[in-house]
Amino acid sequence: MQIKLWINDKEYVDDISPDTILLDFLRSKGCLSVKRGCETSNCGLCTVLLQGKPILSCSTLAVRANGLKVTTIEGIQDEASEFGGFLADEGAEQCGFCSPGFIMNVIAMKNELKNPTEDEIKNYLEGNLCRCTGYMGQLRAVKKYLEKYSDMKKGA
Amino acid sequence: MFTIDKYVVAESLEEAYELNKSKRNAIIGGMLWLRMGRKKIRTAIDLSALNLNKIDEDDESFKIGCMCTLRDLETHENLNKSFNNIFHKSLKHIVGVQMRNLATIGGSIYSRFGFSDILTALLSLDSYVELFKGGIIPLNEYVNMPLDNDILMKIIINKDGRKAACNSHRISATDFPVLTCAVANKENEWFVVVGARPMKAKLSTFNLNNNYEKDDIDNAVLKIIDNISFGTNIRGSKEYRQILADALIKRNIDEILNGGYYAD
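Protein chains in written order, with full-length UniProt numbering: chain A, 1 to 156; chain B, 1 to 264.
Excised from the complex, chain A in its bound form (with noise of 0.2 angstroms):
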């Protein structure tokens, strides 16, 4: 069947099959950053933004995307990469293989929530698994990256 969609503003016109999960369509495009982590819906490691909204690219039908708008981190390489600024200076990072996933869910967290507590970056954040630290680094990280923010638009 025929899809029409736009990866990081990029429009594709493509014949895919009914099942094809958009995870493995993304991948076919180029978009290497998008992973399967656990094949069970849990880790996050997967996130693309559908219309802005986060989501898990691992147990989306392609097909679902059809008309809409998937960013996926090649999309948004300065953001991404500034708050992966934040993250080497807190040493958040060890392995790494699940910061795409976060960072895309941090960056959609930046868009949606207004000056989150504590919890609620915890609770926004809780869907995306890392297997190397104890979390403390990234929170750490988010919220200086969000400090940030909050600042500029004070002085704004």
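These aren't lab readings, by the way, just hints derived from the structure by calculation.
Quick caveat: nothing in here was measured; it's all calculated off a predicted structure.
There's no promise every hint is true.
No farther apart than 25 angstroms at their CA atoms in a straight line, the calculated lysine-lysine pairs in the DSS-like style are these [claimed, not checked]: (1) B:K40 - B:K21; (2) A:K122 - A:K143; (3) A:K53 - B:K54; (4) B:K200 - B:K186; (5) B:K23 - B:K6; (6) B:K223 - B:K163; (7) B:K39 - A:K35; (8) B:K81 - B:K63; (9) A:K53 - B:K63; (10) A:K53 - A:K114; (11) A:K35 - A:K4; (12) B:K54 - A:K114; (13) A:K122 - B:K81; (14) B:K81 - A:K114; (15) A:K143 - A:K53; (16) B:K214 - B:K250; (17) B:K186 - B:K81; (18) B:K6 - A:K69; (19) A:K144 - A:K114; (20) A:K29 - A:K69; (21) A:K53 - B:K81; (22) A:K122 - A:K148; (23) B:K63 - B:K40; (24) B:K223 - B:K202; (25) A:K4 - B:K186; (26) A:K69 - B:K54; (27) A:K53 - A:K69; (28) B:K40 - B:K23; (29) B:K163 - B:K21; (30) B:K163 - B:K81; (31) A:K29 - B:K6.
Every beta carbon over 10 angstroms from chain A, so not counted as near; a handful from chain B, in silico [to be verified]: (32) G30; (33) R38; (34) N80; (35) G161; (36) F206; (37) K214; (38) Y240.
Yeah, the Cβ is synthetic: ideal placement off N, Cα and C, and Gly gets one too.
Following the hints, complete the assembly by docking chain B onto the known chain A.
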């Protein structure tokens, strides 16, 4: 791995209903549970184009379309304000925001999962399901009806002034619950729901007079627990669940009566 031969975005409920008569076809909600199986689906039926992704409110009730996501309910301001935030509280522990942006309320309630947090919360309220052919049925009846090929169009929650509270116990964050609980109160009537027993949620009721004593609550809770069956699975034993039920029910009653707060 499940497979799909054909995908149809239904243009009417009648079309969806006709397609759904065949056991080889299936309605696709959030697809999260379906994708874990090995079902070979001939025609996947998508209800996305039928305007069923909205939460409507009037003076008497909320009507929630089956294609609303769990996240839609979790973040809906008026829905949460009307029922003491129980939608936010019961949904926020389910896996993660990304999953709750996909899972649909129709898929969750139609499936009547034993582990369901949201089924537990909804059963404590004056909730109904609206079926395409079967009409409007109280959720407390629907929960025990066999899975059939009718289409769950909407969930209806009447605003009858109930105060509600809910909680759950999990071994670790984002895991399936060991036990779920929701309690609601309207005048002297109390509605107690215990789910993930590990069987599906069950509603029990009791009454308290205006001049009740603490013992009256203790006795009522004891009686409810005696009348509910509990079971053992990988997450907990029958005995452990009975002890948990006592604590979770009483915490919810306390929250309603005294505004108590228990961290979850």
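A quick look at each hint next to the structure:
Restraint check for K40 (chain B) and K21 (chain B): the C-alpha separation of about 16 angstroms stays at or below 25 angstroms, so the hint holds. The straight-line distance between the Cα atoms of K122 (chain A) and K143 (chain A) is roughly 11 angstroms, inside the 25 angstroms bound, and the hint therefore holds. Of the supplied pair hints, the one linking K53 (chain A) and K54 (chain B) holds, its CA atoms being roughly 17 angstroms apart against a limit of 25 angstroms. Between K200 (chain B) and K186 (chain B), the direct Cα distance comes to roughly 24 angstroms. Compliance with the 25 angstroms bound is thereby established for this hinted pair.
Taking the CA atoms of K23 (chain B) and K6 (chain B), the gap is near 14 angstroms; set against the 25 angstroms cutoff, the hint holds. Under the criterion of a C-alpha separation no larger than 25 angstroms, the hint pairing K223 (chain B) with K163 (chain B) is consistent with the structure, at around 22 angstroms. Of the supplied pair hints, the one linking K39 (chain B) and K35 (chain A) holds, its CA atoms being roughly 24 angstroms apart against a limit of 25 angstroms. A C-alpha spacing of about 15 angstroms is found between K81 (chain B) and K63 (chain B), which places the hinted pair at or below 25 angstroms, so the restraint holds.
Proximity of K53 (chain A) to K63 (chain B) is assessed by CA-CA distance (about 23 angstroms); at most 25 angstroms being required, the pair is judged to hold. For the suggested pair K53 (chain A) and K114 (chain A), the alpha carbons sit about 15 angstroms apart, so the restraint of at most 25 angstroms is met. Under the criterion of a C-alpha separation no larger than 25 angstroms, the hint pairing K35 (chain A) with K4 (chain A) is consistent with the structure, at around 22 angstroms. Restraint check for K54 (chain B) and K114 (chain A): the C-alpha separation of about 24 angstroms stays at or below 25 angstroms, so the hint holds.
In summary, the hint linking K122 (chain A) to K81 (chain B) is supported, as the alpha carbons are separated by about 23 angstroms, within the 25 angstroms threshold. Only pairs whose Cα atoms come within 25 angstroms are accepted, and K81 (chain B) paired with K114 (chain A) is accepted, the gap being roughly 19 angstroms. With a C-alpha separation of about 21 angstroms, the suggested pairing of K143 (chain A) with K53 (chain A) holds against the 25 angstroms cut-off. Between K214 (chain B) and K250 (chain B), the direct Cα distance comes to roughly 11 angstroms. Compliance with the 25 angstroms bound is thereby established for this hinted pair.
Between K186 (chain B) and K81 (chain B) the alpha-carbon distance is near 16 angstroms, which keeps this suggested pair within the 25 angstroms criterion. Annotation: proposed proximity of K6 (chain B) to K69 (chain A) holds, straight-line Cα distance about 23 angstroms (limit 25 angstroms). Pair hint K144 (chain A) plus K114 (chain A) holds up; C-alpha atoms about 14 angstroms apart against a cutoff of 25 angstroms. Using a Cα cut-off of 25 angstroms, the hinted pair K29 (chain A) and K69 (chain A) holds, with the two alpha carbons roughly 14 angstroms apart.
Proximity of K53 (chain A) to K81 (chain B) is assessed by CA-CA distance (about 24 angstroms); at most 25 angstroms being required, the pair is judged to hold. Distance check on the hinted pair: K122 (chain A) and K148 (chain A) sit about 18 angstroms apart at the alpha-carbon level, within 25 angstroms; holds. Of the pairs offered as hints, the one joining K63 (chain B) and K40 (chain B) is violated, with about 33 angstroms between alpha carbons and a cut-off of 25 angstroms exceeded. A threshold of 25 angstroms between alpha carbons decides the hint, and for K223 (chain B) with K202 (chain B) the separation of about 14 angstroms falls inside it, so the pair holds.
The straight-line distance between the Cα atoms of K4 (chain A) and K186 (chain B) is roughly 51 angstroms, outside the 25 angstroms bound, and the hint therefore fails. Among the hinted pairs, K69 (chain A) with K54 (chain B) is consistent with the structure: their alpha-carbon atoms are about 21 angstroms apart, no more than 25 angstroms. A C-alpha spacing of about 10 angstroms is found between K53 (chain A) and K69 (chain A), which places the hinted pair at or below 25 angstroms, so the restraint holds. The suggested pairing of K40 (chain B) with K23 (chain B) holds, with an alpha-carbon distance near 10 angstroms, which does not exceed 25 angstroms.
For the hint linking K163 (chain B) to K21 (chain B), the alpha-carbon distance of about 40 angstroms lies beyond 25 angstroms, and the restraint is violated. Taken as a hint, the K163 (chain B) and K81 (chain B) pair is honoured in the structure, with Cα atoms around 11 angstroms apart against an allowance of 25 angstroms. For a cut-off of 25 angstroms, the pair hint linking K29 (chain A) to K6 (chain B) stands: about 23 angstroms separates their Cα positions. Some Cβ of chain A comes within 10 angstroms of the Cβ of G30 (chain B); the nearest lies about 8 angstroms off, and the non-interface call is violated.
Its beta-carbon lying about 12 angstroms from the closest one in chain A, R38 (chain B) satisfies the requirement of being farther than 10 angstroms from that chain. In this structure N80 (chain B) is separated from chain A by more than 10 angstroms, as the shortest Cβ-Cβ distance comes to about 14 angstroms. No beta-carbon of chain A is positioned within 10 angstroms of the beta-carbon of G161 (chain B); the least distance is around 29 angstroms. With a closest Cβ-Cβ approach of about 33 angstroms to chain A, F206 (chain B) is found to remain outside the 10 angstroms limit, as its non-interface label requires.
Look at K214 (chain B): its CB is around 32 angstroms from the nearest CB on chain A, clear of 10 angstroms, so calling it non-interface holds up. Remark: the non-interface label on Y240 (chain B) is consistent with the geometry, its nearest Cβ contact in chain A lying 24 angstroms away (cut-off 10 angstroms).
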